[in-house]
Every structure is written in C-alpha cells, then in structure tokens.
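There are 4 protein chains.
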Amino acid sequence: MRVDAFKLPTDGPADVRGLQALLDDGVVRADRLVCVLGKTEGNGGRNDFTRDLAMRALEDLLAPRLGLPPARVQDRVVFSLSGGTEGLVSPHVVVFARSGTWSKEPGPKRMVVGTAHTRPFTPAEIGRTPQIEETARAVAELASELRLAPADVHLVQMKGAIPKADHEATLAARRAGAPLRNDMVHSRAASALGVALALGEVTRADLSDDVVCDDWSLYSGVASCSAKPGLQRTEILMFGNSDRASGDLVVGHTVLKDILDVDAVRALLAELGLPVAGGQLTPEQRARVVGVFAKSEADPRGSIRGRRHTMLSDDDIDDTRHSRAALAAVLASVVGDPCIYVSTRAEHHGPLGGGPLAIIARAP
Amino acid sequence: MRVDAFKLPTDGPADVRGLQALLDDGVVRADRLVCVLGKTEGNGGRNDFTRDLAMRALEDLLAPRLGLPPARVQDRVVFSLSGGTEGLVSPHVVVFARSGTWSKEPGPKRMVVGTAHTRPFTPAEIGRTPQIEETARAVAELASELRLAPADVHLVQMKGAIPKADHEATLAARRAGAPLRNDMVHSRAASALGVALALGEVTRADLSDDVVCDDWSLYSGVASCSAKPGLQRTEILMFGNSDRASGDLVVGHTVLKDILDVDAVRALLAELGLPVAGGQLTPEQRARVVGVFAKSEADPRGSIRGRRHTMLSDDDIDDTRHSRAALAAVLASVVGDPCIYVSTRAEHHGPLGGGPLAIIARAP
Amino acid sequence: MRVDAFKLPTDGPADVRGLQALLDDGVVRADRLVCVLGKTEGNGGRNDFTRDLAMRALEDLLAPRLGLPPARVQDRVVFSLSGGTEGLVSPHVVVFARSGTWSKEPGPKRMVVGTAHTRPFTPAEIGRTPQIEETARAVAELASELRLAPADVHLVQMKGAIPKADHEATLAARRAGAPLRNDMVHSRAASALGVALALGEVTRADLSDDVVCDDWSLYSGVASCSAKPGLQRTEILMFGNSDRASGDLVVGHTVLKDILDVDAVRALLAELGLPVAGGQLTPEQRARVVGVFAKSEADPRGSIRGRRHTMLSDDDIDDTRHSRAALAAVLASVVGDPCIYVSTRAEHHGPLGGGPLAIIARAP
Amino acid sequence: MRVDAFKLPTDGPADVRGLQALLDDGVVRADRLVCVLGKTEGNGGRNDFTRDLAMRALEDLLAPRLGLPPARVQDRVVFSLSGGTEGLVSPHVVVFARSGTWSKEPGPKRMVVGTAHTRPFTPAEIGRTPQIEETARAVAELASELRLAPADVHLVQMKGAIPKADHEATLAARRAGAPLRNDMVHSRAASALGVALALGEVTRADLSDDVVCDDWSLYSGVASCSAKPGLQRTEILMFGNSDRASGDLVVGHTVLKDILDVDAVRALLAELGLPVAGGQLTPEQRARVVGVFAKSEADPRGSIRGRRHTMLSDDDIDDTRHSRAALAAVLASVVGDPCIYVSTRAEHHGPLGGGPLAIIARAP
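Those protein sequences? They're chains A, B, C and D, same order as listed. Residues 1 to 364 (UniProt numbering) are what the first sequence spells out, left to right. Residues 1 to 364 (UniProt numbering) are what the second sequence spells out, left to right. Residues 1 to 364 (UniProt numbering) are what the third sequence spells out, left to right. Residues 1 to 364 (UniProt numbering) are what the fourth sequence spells out, left to right.
Honestly, the hints are just simulated from the structure, not real lab data. Treat the hints loosely; a few may be bogus.
Chain copies aren't distinguished; within one or between two, either way the pair holds.
Listed below are the simulated EDC-like cross-link pairs for lysine to aspartate or glutamate, each with C-alpha atoms no more than 20 Å apart in a straight line [to be verified]:
| hint | residue 1 | residue 2 |
| --- | --- | --- |
| 1 | Lys-228 | Asp-11 |
| 2 | Lys-109 | Glu-145 |
| 3 | Lys-104 | Glu-134 |
| 4 | Lys-164 | Asp-11 |
| 5 | Lys-228 | Asp-15 |
| 6 | Lys-164 | Asp-206 |
The structure displayed is predicted, hence computed values, not measured ones.
Let the sequences and hints guide you as you build the complete structure.
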C-alpha cells in the first residue's frame, strides 16, 4: 500500500494538462486515483463557479479513462477543490494515487489515504449529537481500515451533509423549541466535533447539542470540513501514517494558535525532517513538500495579538478572502512556495482565530 | 536633536484619542510634531475617503494646539496616510516628534527625521529627467541638513508633484512626440529615481527620459513615493541615522527581492539588534519595534518564485489590496505584530515584485 | 410655517460648498435648518466612512454659525446620509429649512417637516411590541404637532434605537426562550411597523412579537428606517402636507410593488402635478423635483417577475449595492435626473421586493 | 429562410436544460443552430470563468448531436456569452436556429441571421485602417449574402481579432513611432468603425489611423464588438430584416444618447409594433420580445445629464458592472422583463456615454 502524490500548477480552473500528462505518460493510472485537492481562482463563495469548471474538466478527462460517464466520475475519485487564491497563492492541484498492498512487517511510517462516508442524515440530526456521533463512527471505522491509531491520523477532509428539510418540518422544529440546524455553519461544526470525538481530542462527556457553535474550547486539530446543501451523507477523506505502508510520503499536523503562529509551522516542518535554518526552507527542502493544507478564519473576536483587525467589517471584500490571503502568505513565507491550500470557515477547527495545519512531504 | 516616536492603534479613521492623550499628558508637544504616518482602513484607491477623514480629525485636533486654522496644519506637520488594512493589518499611526539640538561630539548613531520640498514643477518635467534631477537635489540637500551620509539615509517618503496641464498643452506635447507624463505612475517613478540618484544607487549616466518605467534594474531601496494630482512640488520626508543625534531610535532598511523574502527581513532585524531566534521576535524584542514600512506590489510578470499568481487578473479585488495583504502578513509573521505599513505601486522601488523595507526600532 | 428645500450636488463626501454658499448668501439661515438628507459615495455598509466624513464637514460648517461645538450640531440639525451611489446615482444632499408660523386659515396643502424621538428603549424591547408601540406613539404625536392627518404623512425617516445589552443579559434572554432582538434587522422592522400602526396601515390586532420579520404582508408605505447600534432612542423625521402651511413644496408617496414598478412612479408624479407624457419628465417638469426618496432591497425570494436574479448570491458585490443601482436607475429614467436617494434593507417597508417611494416637488 | 429564436432562463452558467429540452422535443434541430447569445452571472472581467463554464456545457450538449468533438462545436455554432448580471438582470440565453430557403417573392420583412469572418490580421493592422477596411469588406459581403441593404442591418455582433505580437516586433513598432495597438480597446474600436464604414454610418474620408479612439463623433449604431486576445480573425454575426425571409421575427435598432434615454427605447419598441401606453409594455406585448441587446459604458466624461457619476472612481466595483446594472434596469423597466443583454466597453459604439440598442421581437 503506497500513495503517490503530485503537485500540479494550473493555468486556469479548467487546466488539467498536468494530470493528463501523468496519465498519458503512464506515471499515474486513472483507476488508482483516490482524490484531487486543489485551489481554484474564484472567490470561494456562493457564486464561485471555478470549482464547477475545474470538476467538469477533471470529469471530462477521467471519464473515458475510467470507462464511466462524466457524471459518475466523482463516485470513484474525490474532488476537494477550494476557491480563492488571494494574495500570493498560486492555483494548483495535488493528485493522490494509491497502489500495492499492505506490508506484512512493520516499517517506517508512510502516508496512506482512504475514503468513507457516513449514513444518510435527517435534517434534524445536523448540527447536533447524532451527526457528531455518526461522523465519529465513520471516521473511527476508516482509521481502523487504514490501520491508523488516532495519533497517526493527520488530516480528515470532509464534505458535510446538509439534507434539505421541507418548510413544514422547519417551522415545526422551530415551534418545538429545537430549530433545525441544517445549515453550513452547524454541519461543519458537528463534522469537526465528530472527528475530534473519533480521535480522542474531546470526550463524549464534553459533547451535547449545546456545545455546538458555543464552546469553542472543543475542537479538532486535524479536521478540515466543508458542507454542501443537498448532500445526504458526509464524505470523508483521511490522511495518516501507517507502519504497514510504503512509498516515500509522510503527513503531519499541528494546530496554529493564531494566524501569525509561524513557530508552530516550523515545529511541524522539523517533525517532518525539514528543519528551517533561517526563515525559510532551502530549495532542496522545499522540493520535498508536496502539499500544505490549512483551515482557519478571521478571528471572530476582531483582533489578533491584541490588535484590531478589519476583516469582519469590510463590505467590499469578504473576510474569508482577507484571512486566506494572510494565512497563506505566512505559510508560503516559511515554505518558500506559493502553492498553499488554505480554506476558511473553521468552527471547532482549532482555537478561535487559529486552526489546523497539515503538511505532506517526502520522507528524508 | 532627538526623535521620539509613538505607535498608536486606532479604532477607526477618525480616532485621534491616542495622540490626544499624548498631547494632553504633556508627553508630546504639538509644536514638536514632525509627521504622522499610518494605515487607515479604506481601499487605498481613488475612492478611499478614510485618509481624508483621518486628516480632518488630525487637523481638528492639532489646529487649536498649534494656533492655526485646520487648513494650515499640514504646512507644519506632514501626514502620510496610506489606505488599505487588508488581511491581518491593524489600523494604526506612528507619530514622530523632534526636540533638542545637535550633539557637538559624535556618539552612537540615532534616528533623525526632516522634511523638505522641491521647487514647483511644470507638467512637461514630470516623469522625465528634470523631475529626477530636482528631486535628487532636494533629497541631497535635506540629507546634508540632517548631517546624513547617503549610506545613513534609510527611508525617504515622498508625495510627488503632478501639476495639472491644460488640454491644449497636453495635445501639443503628444503631437510633438513627447506626450506628457504628468500622471501618478511616472511621477512616482521619477521621484524614486531622484532618490536613487541622490543616494548613489544609480549614477547620472544611467538615467534618461527613456529609462523611466522601462529599465527596471534601476531603482531605489529607500524611497517610498506616492503622487498627488494637483500637487505642484514634491514633499519629502527623510529618516536616517546620525552620530550627532540622541534619543533611542534607529532606522534601517533592506531591499526585498520578492514578497516572500523573509530572510532579508530577518537580516535587517538582526542589524537593528533584533536577531530572530525561531520564526518570530520575542515579545520583548517586538516591544522595541516602532514602525515597519514597506513598499511593493504584485509582481507585474504574473508569477512569484516561478508560480503563477492571480492578483493582476482579479476584477473583483484590486491587485494592490491582494499584494498588501500578502506582504504585510509575511512581515507581521516575523515581527509578531499586525501594525504594519505596506503601501503599493512601486515603480523603480526595488526590483520587480520586490521593494524597499524600512524598520524603526529602539536601540538595544 | 413654510419649508424650503435645496438639492445640492456634491463633489465628494466632504463637499459642503453648496450649503456654505446658501448660508453666506443669506438664502438660508443656519438656525432654520431642520435636516440634511443625502447620498454619499461609499459602499453603504459597515466600513462606509463617507457618511462620517460628510457629517464632520457639515458639523464644521454649521458649528460656528449655530454657536455650538461641532459635536452638538446634530442635536439641532438631523443628518440622514445614506452611503452608496451605485450605477448612475449622483452624490447630492437635499437641505431643508423651516420658517414662519402656521396659517390661521386653511389653504392649499404644502409640505411641513418636523422631528421627534421616542423614549429610550431597553434591549429587550427592541424588535418587539414595546418598540412598535412607543414608535407609533411618538410618530402619532409628531403628526399631531405638525397638524397632519395620517393620510397627509408621506415620509417618515427614522434612525432606530439599538441599545447595547451586556453579555449576561443576552445569554439570560436566550435561555429564557426570548432571545434579544437588539440588532439592525429587528430594530428597522419594528420601527417600520410602528409607523404603520401610527398611520393606520396596520391595526394593533395585526401585531405581536411573532409577526416581526415573519408576516411580510404587514408593512408601512411611508417609513424609511435605518438603525444604529448604541442609539438609545429612535430619531424621527416626518414629511407631510398641511393646509396650514405655506411655501411651494408638496410631498407624495406610493408603494412600489417591485423594483420595476414604473407605473407607480408615474402615477405618483401625476398626483404631484407632473404627468409624464412620454417616458420621462420634460426638463421643465424635472426642475420642479426636489427630492426622490425610495427604500427597497433585492427581493429575498430570489426572483423578479418570475425571473431569477443573482443579487443575493454574489459574494463580490453586496446585494444592497446591486439593488440600489437597479432601482435608482429605474427612478432616474422616469425623472430624468440621477440625483436619487435609494436606501436599502427594507423589512416591513412595502411588500417583499418592493418598497416605499416619496417624492418632494414644487407645486405647479 | 426563416429564423426561430428562444429565450431560455438559466439556473446557473452550466444550465443547458432549456436548450436540451428543445432539442429532445424536436423543436430545434442541432444542425440548424446558428448562435447562442446570453448573459452569465460572472463579473464580466478577466477572471470571469462563467463564460467558459457555459461554453463547456453547451459544447458537451451539442457535440454528440452534431457528431463533432466538443472542441469543434464552436466552428459550427457561435457562442456570444457576456458575463455580468448586475442588479436585476436575469441570467439567460437566446438561441437562434435557421431553416428553409429564401422566398422568391418579396414579402413583409423578417429577421435573418448569418455569420462570417475577416481574413487573418497582422498585429500592426489592429486598431488601424487595415482592420477597419477589412472588417467593412467582410460586413458588407455578409450583408449582401443575407440580401440586406445597409438600412436593414440592425445588429452586428463581433469578436475582434487581437493577433499576438512578439516582443521584438512590439519594441520595433514603438521605436518606429507607430506603437502596436493590438489590444482590446483598439480592436473593438476598429471593429465598430469597420461596421460603420460598411453600413454608411461614416465615410471612408472620415477615417484614418488618427481618428481611432480619438474622434468620438464617429461611431456605429448597430455594432456590438468584443475582442479576444489570440484571435487571428474577427468573427461576425449579423442580424437584419429581409423581404425574402419568412418566420415571425423582426429586429430593429436605435442609438441611446445616454444611459437615461428611455424615449429612444420607447420609439424603437413602437417601430417594432410595440407602442408603450404607460411606462411599460403590457404582459401581452412583453411576451413578444425575444431579445434586448445593448452596448454602452459609463460616460468617460464623468457625468450624466450634467450630474457627476462615481462609476469611474470606484476601486471596489468596476465601472462596467455599475453601468450594466444601470442601463439594464432602465431597459427592463420599459420592457418589464429582467432578461436583458447589456455588454460594456463601447468605443465608437454610439456617442460617448450612450450606445446602440437592438431589440428582436415577434412581428404583430
């Protein structure tokens, strides 16, 4: 069982020439692709159609190679595209392929990746304990399948369910004093808490419906959750290190305490065998970094290190665009490469104003 | 001759309470104020009225204390306010006051600040050799007044002249094959080259009308020039270190080779007695940093470290906003403080995609 | 009792030269000014500082003429400045002055204007029946003072209270099942319903806490309400026609059923003695229009006349900017003048997607 | 020879269900499609990828039905998609299909549509007389093919050539005193003048290299030109009325003298048999309007009807978005339907601040 990964810059949302070359040259086989993570140059918001364009291009590329109609490609390969390449961020995708079988003997830990999904949710479950528990169950099961102890899981990328409720049910729930939470905020929040529960970052006793979007001391340091209206079940993508895997990739993670937490970034790089001597990785070190994945947002308390920020009161630029620009620049300045994946809205993802960071690198 | 400086966070463009307290408490005397530099939370563009609001508030504060009508305050105190607090940047001003006389004996170098202006320009001179030469003359004269050798000048902040031309003169110049350059781009460019000439960063032989906005290898590493339509003469504000000055401030500068040049930032800090041990100054070190002033812009070649950036093709967010967000985040991540002054449009200010950086700190 | 009004284009938010000339020429006396309504060229959102700049300029102009410190000017003259001159809208203010006494005998109805305020509100009252009832009381009292029957009131411009609640009170209210509504949405909504109640547009029996922001069939056709965090009591400005007033101004209003309701606009103009022959007022007719004031917003149901609009899903431009651009263009196309005042967020102001329109004109 | 047209609202840029239904139901045959014009909900600028997404979806729909690979579909069907549905504009496409043969006998004039292209251009020809003349030649030839006298041509939609020049040629041209004009501004300008020349709106004697982007009194009232970097030859789409055509469509045009020229709109509608009684077409009349196509931009002189506008100094929203919002609202208010196609940048398209308007309707 080995994973190979390729960082591919793109010339636009529909540019799939990098992956096409890998496929045409036989470097990667379509049927071994697990997922494509990447940044596209839209606004990352509701009217960001660059993700649709990128997915359409990937589907058109892969459909004939997988012998599937384009509309079925995403049943086989997970696309996790995040819009918004603010500031110095460079549009790119990272492609992951899996091959081989598990080693019988333990060896040095190497990265594995796998996918799973929860059972379908009802609207009333979203943002509440049932979503948290079922997410935790599915995450734990996937970790077990991938032969990963909780401490070996470093990134759980999820697309959270938001089943549609009919108007009557919505009104009834409100009247009953338990308004539906089937929105993006609560779905992301419960997804993250589900990961936290599965991996022991919080205990079952910490959790209740009331803590969701309320007790921000509870969080996951490895989750990276989005949510999608209309989705019935949550899709899960997990990265971790197993001593029964081979290949040359390793993944690690840390929790940024705020958007300026450059020391956490350096500590994580050092853990991955990439100690920063001055302020930035050397070109040789940098060449070993395959992917940098962070989740964060503008500190909702309106300040950073005691200084007021203006991201939340700007009606010309969304705060998500401001904060991605800032955090990505900080990360890029340490790594030395503008191919950085930062996504935003980070309820229960690390502490307020901070967030999880995962880095995938080639082992030394 | 000593300079004192105060970094004052603001709650909004019209917030002058910080300076008011200093004045009321007798910490600073109004008649000793030299200049106020700061960032306000507008878009930094043509319709950024936050600078006007801030200046109006400063004028209303200082006018009675200086015994002047508000409209005359700027004849005495230079306001250099830059709009745009993108990403993590925190709105703030740095106030500079000057007092005392020159020491008779040399001592450790300490920061001085002074102001000057050029003679009035004609529209035809702007963006051409006459603007460069007269700027150089005024800069050299000011350096001499401040007892600064060229190597001791570290920041020359300028508001460049753009005298208005009548329509006929504009047409005549175009017909004569030498179209007027009385625009912001060329005024900034010639201002910067004037500084470069005065300080020996370029030689007179390097210069001609043709090199302006064409030969980007010619630049200043200490200039920070804006330009203002309607201004007849260029206003100059200079910071440098003199061995005849006292006080506890020092200023230094470096040239960033690109927006990710974190090693240059660290080298400059080290020069100022603030070596960065890990990735960031310690709280004690940080408390000694009074002001961080950078000038840069999105690399016009469309890439950073060989990676495409999208700042120049975004029609929703101006590239100046993207690049300020990115560079300020990089600088803040080293200093550990979001009070960073980055201004944009940087013709002949450092190499393409890079730019000058000056830091003012308390001496160890 | 007569009202005079002056439409004054501005060159920027701080431009008060129009009013200054009126004062200097003795056309208007400062102590007779009642209010200044106008559009400034900001984004109309949280970080729109153009209103502050305009108010500061007006205060500086009027303070010496009123013998007041600038900070007290607004106790005497109401400033109602709305940010956002999208599309063809031209920045301008309309200044109103009042003089003379009431006629003893009835004559043709002419416009009057007056101001009032409610008692201070507690946070728990906002967005609920108490705010509605007290607003209705104050509106009714002001109408009576101005000798206006309900049918003669055509525009009630209000700045609604939003008293600050402490965190404990907020939590307690939420726990008690009656979460505080001291936000802009609910304050505006209850203000509008207060006007509607005072003027008989709704009955007391229609109203309850539950209908606020829920039953959109209840609305006022003459209210134009904003809300301001920190304000303790609601400020009221009323325009109507009285047969005991003199002068040459009249005001009328209508309710737009949607943003395309050009026939309502024409009917209102006809009522004011300005029938539109073709598609637009003639230059002579147009010269008689002093002010056009509308309140509306993007239809929250996402469509206009059965066609989908995209104003609510655009993360680059706020929907308020889109809808102001559209409605102002429609109004300007009938009037033939881009000095149009449209403000947005219109809870219980006319039907969903529509809104109130008031026009002030010189009588024929 | 008859043309059928269908106005199809879309749910998003990739929504082709309307056309798919027409094809599946046999209402339209794929091989008879001539062109698709429409508005997509992007920003209309450089980073508007909604047009790409829409074209990709149309290609995927039509490729199997035309027996072509997707990349070849546009050789057969012209897509003219314009980004930007500001304000009330509703995303939609209008699909045109052609069938039958020319009538032998003259009858009432009915709409025809046809396509052509110029020869390939060299970079030096763009924006100068050669582009104008070759465009005029191709336009005249197409009119003749379509049996249209100049007065019967009402809309010429073009995608103008911008052949890429190498850096050396660019420098050489600049040195020779005739800098290349192979940019969007000059290509659009020369395209429009080419149409004007072909249709007798200007004479050959009026034209020279110097008048391009200089003498704004020269313009076309039927052109609607965009330009595309990399395109070698200009693509032309022409709509006009012929007495040898059948069907029930007619097209007409007018020239708006400014963005508020509602009387011109009404006159055009009347010409098409759709006189406006009040302020807006009746629902029955409106149902006969198939497409409304305008080209305009913010008046570059900064004012409308003597009133300052702020579209050109807004650094948060591009002036093209402002002006599309305004003009589309004016047009929609007369027609009563938010399916309006306004595109911007209008060099030599109507007078400054105005522009051409074409309407396609079913004959009475």
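Now the hints, each set against the structure:
| no. | hint | result |
| --- | --- | --- |
| 1 | Lys-228 to Asp-11 | between (27 Å within a copy, 17 Å between copies) |
| 2 | Lys-109 to Glu-145 | within (16 Å within a copy, 66 Å between copies) |
| 3 | Lys-104 to Glu-134 | neither (31 Å within a copy, 74 Å between copies) |
| 4 | Lys-164 to Asp-11 | between (36 Å within a copy, 18 Å between copies) |
| 5 | Lys-228 to Asp-15 | between (24 Å within a copy, 19 Å between copies) |
| 6 | Lys-164 to Asp-206 | neither (28 Å within a copy, 32 Å between copies) |
In this structure, the hints that do not hold are numbers 3 and 6, in rising order.
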